[in-house]
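The listed protein sequences derive, respectively, from chains W and U. For the first sequence, position 51 matches number 51 in full-length UniProt numbering, and the numbering has no gaps at all. For the second sequence, position 279 matches number 279 in full-length UniProt numbering, and the numbering has no gaps at all.
What the hints contain is simulated information worked out from the structure, not anything from laboratory work. Cβ atoms here follow ideal geometry from the backbone N, Cα and C, with glycine treated the same way.
Derived coverage of chain U by chain W (criterion: at least 3 residues anywhere in the stretch with Cβ under 8 Å from a Cβ of chain W; other residues may be distant):
no.	stretch
1	86-98
2	108-117
3	126-136
No more than 30 Å apart at the CA atoms, straight line, and that leaves these computed lysine-lysine pairs for BS3-like:
no.	chain 1	residue 1	chain 2	residue 2
4	W	Lys-109	U	Lys-102
5	U	Lys-154	W	Lys-16
6	W	Lys-109	W	Lys-16
7	W	Lys-64	U	Lys-102
8	W	Lys-64	U	Lys-123
9	W	Lys-134	W	Lys-109
10	W	Lys-86	W	Lys-134
11	U	Lys-268	U	Lys-311
12	U	Lys-142	U	Lys-102
13	W	Lys-26	W	Lys-134
14	U	Lys-263	U	Lys-291
15	U	Lys-123	U	Lys-142
16	U	Lys-123	W	Lys-109
17	U	Lys-154	W	Lys-64
18	U	Lys-383	U	Lys-396
19	U	Lys-291	U	Lys-268
20	W	Lys-16	W	Lys-86
21	U	Lys-316	U	Lys-328
22	W	Lys-64	W	Lys-16
23	U	Lys-102	U	Lys-123
24	W	Lys-134	U	Lys-383
Distance windows between CB atoms, simulated:
no.	chain 1	residue 1	chain 2	residue 2	range
25	W	Ala-79	U	Val-377	23 to 33 Å
26	W	Trp-83	U	Val-70	40 to 50 Å
27	U	Val-377	W	Pro-48	20 to 30 Å
28	W	Ala-79	U	Phe-159	41 to 51 Å
29	W	Asn-148	U	Met-87	37 to 47 Å
30	U	Met-87	W	Asp-84	31 to 41 Å
31	U	Val-138	W	Asp-84	49 to 59 Å
32	U	Asn-122	W	Ala-19	33 to 43 Å
33	W	Trp-83	U	Ile-237	51 to 61 Å
Residues per chain, in single letters:
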Amino acid sequence: MAGAFASRRLQRELPKLQATTSPGIKLVSATDLQEWLIDIQVMDSAHPLYAGQTYRLRFRFSGKYPIEAPEVMFIRATAASCWDQKPRSIPMHPHIYSNGIICLDLLDKAGWSPVQNVESVSMSLQSMLAGNYKNERPEGDEVFVRTNTQRPRDVNFEFHDDDC
Amino acid sequence: MDDPSVDELLMGDPSSSVLSDRLLSDQEALTESRSYTRLMDADLRARLQLRRPTSSRTISNKSTENGFSVWDIRNLEYATEVDDNLMCPICHSPFVSPAALKCQHIFCRQCLSEALSHQQDNKTCPTCRRPTSSNSMVALPKVICRMLEELRVKCPLAFRGCNEIIPRGNVQTHLDRYCGYEEVLCPSEDCDQYLPRRLAGKECLHEPLPCPDCGEEVSLLNLNNHRMGSCKVAEIICTDCSSSVPKSMYEDHITSCMETVLKCTASKYGCDFTAKRSVMQEHIESCALVKLAPTIALQNDRLGEHARALKHLQQKNAVHEAFLDTVKDTLATIASADLATSSLPSDSAAPFDSPLSHLLSLHEALREEVSRVSAAVSDLDAKTDTAFLNSSLRAKEEAAHRDAVLAQLRVQLQWLVSSRLQGIHAARAGAGALGISDTRRNSNDAESSSARPLPSTRRGSDGLGNGGREKL
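Kindly generate the complete structure, drawing on both the sequences and the hints.
Rendered as structure tokens:
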């Protein structure tokens with residue numbers, strides 16, 4: 001019964017997320033209890049990098065969620081597959097690799113807490129974008145994107161940044 | 001009732017919450033049972049029934065085999081909405097045997113120990129991340145636990161049909177004693193099978209009996225299912241003619257029962273005659289609409305075909321109109337840009353296979369050109385703007401500087417004029433008293449003294465100049 005706990009918890013989160021009133025967070029699909037897609041927007045309409053943009057997050061839950069962190073990354077999507085007919089790209093950010101993998105301590109083994117939930121993680125990522133004005137990728141992005149074959153949760157990031 | 005010791009005993013065991021809850025509910029049941037003593041004494045059989053499952057339940061494996069419902073307190077469905085403050089932040093369900101940390105954050109004991117065991121070495125509170133340890137869990141005050149146990153839940157056997165809503169702490173008692181849908185041992189001493197409590201009477205329902213219809217041996221418990229399902233002979237009473245029909249014949253009967261009230265076959269074409277099947281044949285022979293029905297149906301089909309064809313043509317027409325519009329637009333663009341087109345790469349248009357695509361490509365090229373030009377214009381605009389701003393800034397600065405100098409000069413001039421006037425006055429007075437020769441000397445004095453106050457005026461003008469620059 002490895003996933004029973006996770007399923008129960010996700011079943012409780014789902015209706016709340018569907019009825020969420022947090023601006024800029026929209027549940028796109030949750031056809032099962034393993035993979036959810038969520039669109040986030042930065043609500044600052046004057047933001048030089050992210051104003052008017054929508055980004056797509058993919059949450060993947062293991063059977064041990066919420067004890068274990070979900071796997072969260074940005075994904076690309078074609079315009080035709082989106083409700084607003086706009087394509088989704090990977091946001092420019094010094095902690096987001098161009099393949100969508102996010103370097104955020106909150107999503108790491110050590111930084112995760114089972115008190116977090118899908119909505120709170122989405123909100124954290126929203127504010128992580130809103131607070132950034134640097135139009136750049138992390139150091140060594142090209143090499144990492146080319147060579148990384150690990151799943152995001154197995155990558156060992158070093159969090160040397162306070163604002164990471 | 002000694003809860004803390006029970007808690008200590010069970011701490012660290014993953015199934016502890018369920019067990020402790022069962023213990024708790026058993027204890028509660030004990031007190032409750034006292035009030036039921038009279039009722040139980042009245043029914044000895046019921047008491048007998050109670051004993052059996054309770055004794056076999058002690059070995060959990062056996063109880064699953066035997067069909068006693070094993071339920072998980074975390075799977076219970078709550079009958080009312082539970083206050084968000086009573087929800088464990090980890091499992092998002094109402095607390096189950098809650099435990100608090102030193103930082104006053106509360107979780108289900110099981111959730112918390114699972115979350116802490118997953119952390120590597122420095123254990124922290126999942127909510128506030130303050131350092132803590134697995135040993136620092138404290139049980140909550142009893143009054144809160146009791147309130148949680150009083151939350152109303154649906155019976156875990158609701159899927160079998162039980163509609164009871166009971167306090168959470170009494171679920172086990174309910175299942176063990178009262179739930180009519182829980183399986184209990186057959187009341188017969190010779191039978192070791194189970195049946196739902198609500199069906200348990202005095203006699204055994206498992207004994208095979210011949211079905212009154214087909215003679216097949218069926219237990220009383222399954223007789224109803226058998227007669228409705230697998231029994232080939234059981235009879236069903238027709239609702240129309242109220243005669244009993246063998247089940248196997250029933251399908252045929254309802255399509256031929258003479259008492260069934262039917263609508264005329266032409267009812268969809270407007271005949272509202274209804275009658276029993278026995279009379280219907282007569283009507284059908286005389287009904288004009290029935291005779292017309294095949295023709296009407298044919299006409300309907302044709303109309304449908306025409307409508308479909310029309311729709312298709314309309315779609316086609318719309319496409320053509322859109323196409324025509326595009327062509328018109330392209331022509332208009334080309335006409336308006338008569339000479340400009342010749343300067344465009346019209347040579348490359350040669351390989352196009354139709355004049356239209358040629359025109360379209362020209363149109364596209366023009367559009368590109370226009371967007372390029374507009375980009376260049378806006379670029380230029382921005383450039384001139386900055387240049388203008390730069391030069392005007394410099395000019396402004398210079399003007400301010402000039403202003404300052406002018407002001408300084410004006411002050412000097414004023415002073416000079418006034419000193420000159422003074423000199424003239426003095427000369428006039430001197431001419432009146434001493435004679436004309438002294439007048440020159442006086443005026444010389446006035447001139448030499450004019451060098452003295454100069455520094456002070458310069459200082460004043462400096463201050464003025466500074467003031468003017470600060471304004472910039």
